[in-house]
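S.K.: Sequence:
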Amino acid sequence: MPRRGEPLRKLGFLTIGRFDAADPRPGIEETLQTIVRAEELGFDSVWLRDRHLQPGISSPVAIMAAASQRTSRIELGTAVIPLGLENPFRLAEDLATVDVMSGGRVNPGVSVGTPMMYDHYKTALYPESHDVQDFSKERVLRLLRCLRGEPVSDFSGTVGIEQFTDHVQPHSPGLADRVWYGGGLESAKWAGEQGINYLTSSVVSTEGSQSRDFATIQGEQIDAFRAHHPRPDRARVSQGLVVIPTDSATDDQIRRYREYAASRFERTTAPQGPRGMLFSPDYVGTSDELADRLFDHAGFQRADEVAFALPFSFGPDDYTQIIDDLAQHLGPRLGWQPAG
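Heads up: the sequence shown begins at 1 in the working numbering, then just goes up one per residue.
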(Lines of atoms letter the chains of each structure in order from A; the text may use other names.)
(Lines give C-alpha, C1' and ligand atoms only; values in the text may rest on other atoms or scores of the structure.)
Protein backbone atom coordinates (compact mmCIF):
# COMPACT_ATOMS: atom_id res chain seq x y z
CA MET A 1 0.00 0.00 0.00
CA PRO A 2 1.36 3.49 -0.87
CA ARG A 3 2.54 4.89 2.43
CA ARG A 4 5.60 7.10 2.59
CA GLY A 5 8.52 5.26 1.06
CA GLU A 6 6.31 2.68 -0.66
CA PRO A 7 5.62 2.96 -4.40
CA LEU A 8 2.29 3.65 -6.03
CA ARG A 9 1.88 0.70 -8.39
CA LYS A 10 -0.49 2.11 -11.02
CA LEU A 11 -1.36 5.67 -12.00
CA GLY A 12 -4.40 6.51 -14.11
CA PHE A 13 -6.99 9.22 -14.57
CA LEU A 14 -10.69 9.55 -15.33
CA THR A 15 -11.66 11.76 -18.26
CA ILE A 16 -15.05 13.39 -18.71
CA GLY A 17 -15.07 13.28 -22.53
CA ARG A 18 -17.01 16.50 -23.08
CA PHE A 19 -18.09 17.69 -26.52
CA ASP A 20 -20.22 20.36 -28.17
CA ALA A 21 -23.68 18.86 -28.80
CA ALA A 22 -23.89 20.85 -32.05
CA ASP A 23 -20.51 19.54 -33.24
CA PRO A 24 -19.44 16.48 -31.25
CA ARG A 25 -16.59 15.22 -33.41
CA PRO A 26 -13.83 17.60 -32.14
CA GLY A 27 -14.59 16.74 -28.52
CA ILE A 28 -14.57 13.00 -29.19
CA GLU A 29 -11.31 13.36 -31.09
CA GLU A 30 -9.86 15.31 -28.16
CA THR A 31 -10.71 12.39 -25.85
CA LEU A 32 -8.95 9.95 -28.15
CA GLN A 33 -5.89 12.20 -28.38
CA THR A 34 -5.86 12.45 -24.59
CA ILE A 35 -5.70 8.65 -24.33
CA VAL A 36 -2.83 8.53 -26.82
CA ARG A 37 -1.00 11.24 -24.86
CA ALA A 38 -1.55 9.30 -21.64
CA GLU A 39 0.12 6.23 -23.10
CA GLU A 40 3.08 8.34 -24.28
CA LEU A 41 3.47 9.73 -20.74
CA GLY A 42 3.53 6.23 -19.26
CA PHE A 43 0.14 6.22 -17.51
CA ASP A 44 -1.09 2.74 -16.67
CA SER A 45 -4.76 3.44 -17.36
CA VAL A 46 -7.36 5.87 -18.65
CA TRP A 47 -10.95 5.61 -17.44
CA LEU A 48 -14.01 6.95 -19.26
CA ARG A 49 -17.07 8.42 -17.63
CA ASP A 50 -20.44 7.24 -18.93
CA ARG A 51 -23.16 9.86 -19.36
CA HIS A 52 -26.54 9.55 -21.08
CA LEU A 53 -28.62 12.33 -22.64
CA GLN A 54 -25.71 14.69 -21.96
CA PRO A 55 -22.91 16.03 -24.18
CA GLY A 56 -20.44 13.47 -22.87
CA ILE A 57 -19.42 9.86 -23.43
CA SER A 58 -22.62 7.85 -23.88
CA SER A 59 -20.85 4.88 -25.48
CA PRO A 60 -17.55 4.26 -23.70
CA VAL A 61 -17.20 0.88 -25.39
CA ALA A 62 -17.12 2.60 -28.78
CA ILE A 63 -14.50 5.08 -27.53
CA MET A 64 -12.40 2.21 -26.17
CA ALA A 65 -12.66 0.42 -29.50
CA ALA A 66 -11.26 3.46 -31.30
CA ALA A 67 -8.60 4.03 -28.64
CA SER A 68 -7.52 0.39 -28.83
CA GLN A 69 -6.44 0.95 -32.42
CA ARG A 70 -4.37 4.05 -31.57
CA THR A 71 -2.59 2.61 -28.52
CA SER A 72 -0.79 -0.61 -27.69
CA ARG A 73 -0.30 -0.81 -23.92
CA ILE A 74 -2.47 1.42 -21.75
CA GLU A 75 -5.45 -0.10 -19.93
CA LEU A 76 -8.87 1.23 -20.94
CA GLY A 77 -11.55 1.40 -18.25
CA THR A 78 -15.08 2.66 -17.67
CA ALA A 79 -16.10 4.45 -14.47
CA VAL A 80 -18.82 3.47 -14.60
CA ILE A 81 -21.32 1.90 -17.00
CA PRO A 82 -24.78 2.04 -15.36
CA LEU A 83 -26.13 -1.42 -16.13
CA GLY A 84 -29.72 -0.24 -15.82
CA LEU A 85 -29.41 1.09 -19.37
CA GLU A 86 -27.72 -2.03 -20.72
CA ASN A 87 -28.57 -5.57 -21.72
CA PRO A 88 -25.81 -7.63 -20.05
CA PHE A 89 -25.82 -10.20 -22.88
CA ARG A 90 -25.22 -7.57 -25.58
CA LEU A 91 -22.83 -5.56 -23.44
CA ALA A 92 -20.75 -8.69 -22.89
CA GLU A 93 -20.48 -9.20 -26.67
CA ASP A 94 -19.30 -5.60 -27.15
CA LEU A 95 -16.85 -5.66 -24.24
CA ALA A 96 -15.35 -8.98 -25.31
CA THR A 97 -14.96 -7.76 -28.89
CA VAL A 98 -13.08 -4.65 -27.79
CA ASP A 99 -11.01 -6.65 -25.31
CA VAL A 100 -9.86 -8.96 -28.10
CA MET A 101 -9.13 -5.95 -30.31
CA SER A 102 -7.07 -4.31 -27.55
CA GLY A 103 -5.09 -7.38 -26.60
CA GLY A 104 -6.76 -7.76 -23.20
CA ARG A 105 -6.68 -4.16 -21.92
CA VAL A 106 -10.35 -3.50 -21.12
CA ASN A 107 -11.39 -2.86 -17.49
CA PRO A 108 -15.19 -2.57 -17.34
CA GLY A 109 -16.36 -0.64 -14.31
CA VAL A 110 -20.11 -1.01 -13.72
CA SER A 111 -22.85 0.04 -11.32
CA VAL A 112 -26.49 -0.84 -10.75
CA GLY A 113 -29.60 0.88 -9.43
CA THR A 114 -32.34 2.89 -11.08
CA PRO A 115 -30.76 5.01 -13.83
CA MET A 116 -30.48 8.74 -13.25
CA MET A 117 -33.53 10.67 -14.53
CA TYR A 118 -35.14 7.32 -15.40
CA ASP A 119 -38.75 8.49 -15.20
CA HIS A 120 -38.11 11.01 -17.99
CA TYR A 121 -37.07 8.45 -20.62
CA LYS A 122 -38.05 5.00 -19.33
CA THR A 123 -40.67 4.48 -22.04
CA ALA A 124 -38.07 5.22 -24.72
CA LEU A 125 -35.63 2.79 -23.12
CA TYR A 126 -38.02 -0.02 -22.17
CA PRO A 127 -41.39 0.67 -23.87
CA GLU A 128 -43.15 -2.47 -22.61
CA SER A 129 -41.18 -3.38 -19.50
CA HIS A 130 -40.01 -0.16 -17.83
CA ASP A 131 -42.01 -0.88 -14.65
CA VAL A 132 -40.71 -4.43 -14.15
CA GLN A 133 -37.00 -4.01 -14.86
CA ASP A 134 -34.65 -5.54 -12.29
CA PHE A 135 -31.96 -2.98 -11.42
CA SER A 136 -30.37 -5.10 -8.69
CA LYS A 137 -26.88 -6.59 -8.53
CA GLU A 138 -28.23 -9.60 -10.45
CA ARG A 139 -27.49 -7.52 -13.54
CA VAL A 140 -23.79 -7.61 -12.66
CA LEU A 141 -23.93 -11.36 -12.14
CA ARG A 142 -25.58 -11.78 -15.55
CA LEU A 143 -22.77 -9.80 -17.13
CA LEU A 144 -20.14 -11.87 -15.32
CA ARG A 145 -21.72 -15.14 -16.42
CA CYS A 146 -21.67 -13.98 -20.02
CA LEU A 147 -18.06 -12.80 -19.82
CA ARG A 148 -16.96 -16.07 -18.20
CA GLY A 149 -18.35 -18.06 -21.10
CA GLU A 150 -21.15 -19.73 -19.19
CA PRO A 151 -24.06 -21.03 -21.31
CA VAL A 152 -26.65 -18.47 -22.36
CA SER A 153 -28.40 -20.70 -24.88
CA ASP A 154 -29.74 -24.24 -24.72
CA PHE A 155 -28.51 -24.96 -28.26
CA SER A 156 -25.03 -25.54 -29.61
CA GLY A 157 -24.45 -27.02 -33.03
CA THR A 158 -24.91 -26.56 -36.77
CA VAL A 159 -27.95 -25.29 -38.62
CA GLY A 160 -27.44 -25.63 -42.34
CA ILE A 161 -24.02 -24.09 -42.93
CA GLU A 162 -24.07 -21.88 -39.79
CA GLN A 163 -22.32 -22.81 -36.56
CA PHE A 164 -23.79 -21.76 -33.20
CA THR A 165 -22.32 -21.88 -29.69
CA ASP A 166 -24.13 -21.82 -26.36
CA HIS A 167 -22.00 -18.94 -24.98
CA VAL A 168 -21.25 -15.34 -25.93
CA GLN A 169 -18.85 -14.77 -28.82
CA PRO A 170 -16.14 -13.76 -28.91
CA HIS A 171 -14.98 -15.14 -25.60
CA SER A 172 -12.06 -13.20 -24.11
CA PRO A 173 -10.40 -15.20 -21.31
CA GLY A 174 -9.57 -13.07 -18.29
CA LEU A 175 -12.00 -10.24 -19.06
CA ALA A 176 -14.36 -11.24 -16.24
CA ASP A 177 -11.44 -10.90 -13.81
CA ARG A 178 -11.08 -7.26 -14.88
CA VAL A 179 -14.64 -6.23 -14.01
CA TRP A 180 -14.90 -3.45 -11.39
CA TYR A 181 -17.80 -2.43 -9.19
CA GLY A 182 -18.32 0.88 -7.42
CA GLY A 183 -20.45 1.73 -4.40
CA GLY A 184 -20.64 2.14 -0.63
CA LEU A 185 -19.91 -0.16 2.29
CA GLU A 186 -22.35 -2.95 1.45
CA SER A 187 -21.34 -2.79 -2.20
CA ALA A 188 -17.70 -3.05 -1.17
CA LYS A 189 -18.44 -6.20 0.80
CA TRP A 190 -20.48 -7.64 -2.07
CA ALA A 191 -17.77 -6.91 -4.65
CA GLY A 192 -15.26 -8.66 -2.41
CA GLU A 193 -17.51 -11.70 -2.04
CA GLN A 194 -17.86 -11.92 -5.81
CA GLY A 195 -14.09 -11.73 -6.27
CA ILE A 196 -14.31 -8.70 -8.55
CA ASN A 197 -12.45 -5.40 -8.30
CA TYR A 198 -13.52 -2.29 -6.39
CA LEU A 199 -13.67 1.31 -7.64
CA THR A 200 -13.80 4.20 -5.21
CA SER A 201 -14.61 7.77 -6.17
CA SER A 202 -14.75 11.27 -4.74
CA VAL A 203 -18.14 10.56 -3.12
CA VAL A 204 -18.94 8.01 -0.41
CA SER A 205 -22.05 6.98 1.48
CA THR A 206 -21.91 7.49 5.24
CA GLU A 207 -24.30 4.56 5.81
CA GLY A 208 -22.73 2.01 8.15
CA SER A 209 -20.03 4.36 9.43
CA GLN A 210 -19.76 6.31 12.67
CA SER A 211 -17.40 8.74 11.00
CA ARG A 212 -18.14 11.86 9.00
CA ASP A 213 -14.60 12.14 7.67
CA PHE A 214 -14.37 11.30 3.97
CA ALA A 215 -10.91 9.70 4.05
CA THR A 216 -11.80 7.54 7.06
CA ILE A 217 -14.98 6.27 5.40
CA GLN A 218 -13.20 5.52 2.13
CA GLY A 219 -10.55 3.61 4.06
CA GLU A 220 -13.24 1.63 5.92
CA GLN A 221 -14.89 0.65 2.67
CA ILE A 222 -11.62 -0.54 1.14
CA ASP A 223 -10.86 -2.56 4.28
CA ALA A 224 -14.31 -4.16 4.09
CA PHE A 225 -13.79 -5.05 0.44
CA ARG A 226 -10.49 -6.79 1.14
CA ALA A 227 -11.88 -8.55 4.21
CA HIS A 228 -14.61 -10.15 2.09
CA HIS A 229 -12.45 -11.01 -0.93
CA PRO A 230 -11.32 -14.65 -1.28
CA ARG A 231 -7.89 -13.50 -2.49
CA PRO A 232 -7.21 -10.20 -0.69
CA ASP A 233 -3.59 -10.26 -1.79
CA ARG A 234 -4.75 -10.09 -5.42
CA ALA A 235 -7.79 -7.88 -4.94
CA ARG A 236 -7.54 -4.67 -6.98
CA VAL A 237 -8.77 -1.37 -5.56
CA SER A 238 -8.56 1.93 -7.40
CA GLN A 239 -8.83 5.14 -5.43
CA GLY A 240 -10.56 8.09 -7.04
CA LEU A 241 -10.26 11.76 -6.09
CA VAL A 242 -10.14 15.07 -7.96
CA VAL A 243 -6.43 15.93 -7.84
CA ILE A 244 -5.08 19.01 -9.67
CA PRO A 245 -1.29 19.56 -9.59
CA THR A 246 -0.13 23.08 -10.36
CA ASP A 247 3.62 22.63 -10.92
CA SER A 248 3.61 23.93 -14.51
CA ALA A 249 0.32 25.85 -14.33
CA THR A 250 0.13 29.54 -15.15
CA ASP A 251 -1.02 32.06 -12.55
CA ASP A 252 -4.37 32.26 -14.32
CA GLN A 253 -4.80 28.48 -14.28
CA ILE A 254 -3.94 28.28 -10.59
CA ARG A 255 -6.48 30.99 -9.81
CA ARG A 256 -9.22 29.20 -11.77
CA TYR A 257 -8.37 25.81 -10.25
CA ARG A 258 -8.57 27.19 -6.72
CA GLU A 259 -11.82 29.01 -7.49
CA TYR A 260 -13.26 25.77 -8.87
CA ALA A 261 -12.32 23.84 -5.72
CA ALA A 262 -13.65 26.61 -3.47
CA SER A 263 -16.98 26.68 -5.32
CA ARG A 264 -17.47 22.97 -4.57
CA PHE A 265 -16.22 22.97 -0.99
CA GLU A 266 -19.56 23.62 0.74
CA ARG A 267 -20.91 20.21 -0.29
CA THR A 268 -18.00 18.50 1.51
CA THR A 269 -18.93 19.84 4.93
CA ALA A 270 -21.92 17.56 5.64
CA PRO A 271 -23.61 14.44 4.24
CA GLN A 272 -26.18 15.03 1.50
CA GLY A 273 -29.52 13.33 0.81
CA PRO A 274 -31.25 10.28 2.32
CA ARG A 275 -28.20 8.02 1.94
CA GLY A 276 -25.85 10.54 3.52
CA MET A 277 -23.60 11.03 0.51
CA LEU A 278 -20.36 12.79 1.44
CA PHE A 279 -18.13 14.48 -1.13
CA SER A 280 -14.38 14.75 -0.94
CA PRO A 281 -12.71 18.15 -1.20
CA ASP A 282 -10.84 18.72 -4.45
CA TYR A 283 -7.07 18.65 -4.07
CA VAL A 284 -5.18 21.57 -5.64
CA GLY A 285 -1.50 22.39 -5.13
CA THR A 286 2.04 21.61 -6.07
CA SER A 287 3.01 17.98 -6.33
CA ASP A 288 5.01 18.23 -3.11
CA GLU A 289 1.94 19.54 -1.30
CA LEU A 290 -0.37 16.96 -2.88
CA ALA A 291 1.94 14.06 -2.10
CA ASP A 292 2.01 15.03 1.58
CA ARG A 293 -1.80 15.19 1.69
CA LEU A 294 -2.25 11.89 -0.13
CA PHE A 295 0.23 9.98 2.02
CA ASP A 296 -1.85 11.10 5.03
CA HIS A 297 -5.14 10.05 3.37
CA ALA A 298 -6.67 6.86 4.78
CA GLY A 299 -8.14 5.86 1.42
CA PHE A 300 -4.93 6.43 -0.52
CA GLN A 301 -3.00 4.42 2.05
CA ARG A 302 -5.12 1.35 1.27
CA ALA A 303 -5.12 1.38 -2.56
CA ASP A 304 -2.03 0.68 -4.62
CA GLU A 305 -3.49 2.18 -7.79
CA VAL A 306 -5.37 5.42 -8.46
CA ALA A 307 -7.57 6.95 -11.13
CA PHE A 308 -7.62 10.65 -10.37
CA ALA A 309 -10.65 12.42 -11.88
CA LEU A 310 -10.14 15.33 -14.23
CA PRO A 311 -12.38 18.21 -13.10
CA PHE A 312 -15.35 19.45 -15.08
CA SER A 313 -15.53 22.69 -17.09
CA PHE A 314 -11.87 23.27 -17.96
CA GLY A 315 -10.31 23.68 -21.41
CA PRO A 316 -7.99 21.42 -23.44
CA ASP A 317 -4.84 23.33 -22.40
CA ASP A 318 -5.82 22.94 -18.74
CA TYR A 319 -6.27 19.19 -19.07
CA THR A 320 -2.96 18.87 -20.90
CA GLN A 321 -1.18 20.70 -18.09
CA ILE A 322 -2.88 18.62 -15.39
CA ILE A 323 -2.16 15.30 -17.12
CA ASP A 324 1.46 16.24 -17.77
CA ASP A 325 2.00 17.27 -14.16
CA LEU A 326 0.35 14.09 -12.88
CA ALA A 327 2.80 11.98 -14.86
CA GLN A 328 5.94 14.10 -14.64
CA HIS A 329 5.70 15.56 -11.13
CA LEU A 330 3.09 14.05 -8.81
CA GLY A 331 3.49 10.45 -9.93
CA PRO A 332 7.24 10.31 -9.20
CA ARG A 333 6.67 11.92 -5.78
CA LEU A 334 4.28 9.07 -5.02
CA GLY A 335 6.93 6.52 -5.94
CA TRP A 336 5.34 5.72 -9.29
CA GLN A 337 7.35 4.88 -12.38
CA PRO A 338 6.00 5.36 -15.94
CA ALA A 339 5.07 2.19 -17.78
CA GLY A 340 6.48 1.09 -21.08
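Calculated directly from the structure, the hints in this document are not laboratory data. Quantities reported herein were computed from a predicted structural model and do not represent experimental measurements. Certain hints may be false.
Unchecked claim - DSS-like mimics (lysine-lysine), calculated; alpha carbons at most 25 Å apart, straight line:
hint : residue 1 : residue 2
1    : Lys189    : Lys137
2    : Lys189    : Lys10
3    : Lys137    : Lys122
Stated by the list, open to error - FRET-style restraints, in silico, Cβ to Cβ:
hint : residue 1 : residue 2 : range
4    : Phe164    : Asp292    : 35 to 41 Å
5    : Asp292    : Ala227    : 25 to 31 Å
6    : Thr123    : Gln33     : 22 to 28 Å
7    : Phe164    : Asp134    : 23 to 29 Å
8    : Asp134    : Ile254    : 45 to 51 Å
9    : Ser313    : Ala124    : 25 to 31 Å
We put the CB at the ideal spot given by N, CA and C, even for glycine.
S.K.: Next step is simple, just say for each hint if it's right about the structure.
M.R.: Checked hints:
no., hint, result
1, Lys189 <-> Lys137, "holds (13 Å)"
2, Lys189 <-> Lys10, "holds (23 Å)"
3, Lys137 <-> Lys122, "holds (19 Å)"
4, Phe164 <-> Asp292: 35 to 41 Å, "violated (59 Å)"
5, Asp292 <-> Ala227: 25 to 31 Å, "holds (29 Å)"
6, Thr123 <-> Gln33: 22 to 28 Å, "violated (38 Å)"
7, Phe164 <-> Asp134: 23 to 29 Å, "holds (27 Å)"
8, Asp134 <-> Ile254: 45 to 51 Å, "holds (48 Å)"
9, Ser313 <-> Ala124: 25 to 31 Å, "holds (28 Å)"
Going down the numbered hints, you'll see the structure goes against 4 and 6, while the others check out.
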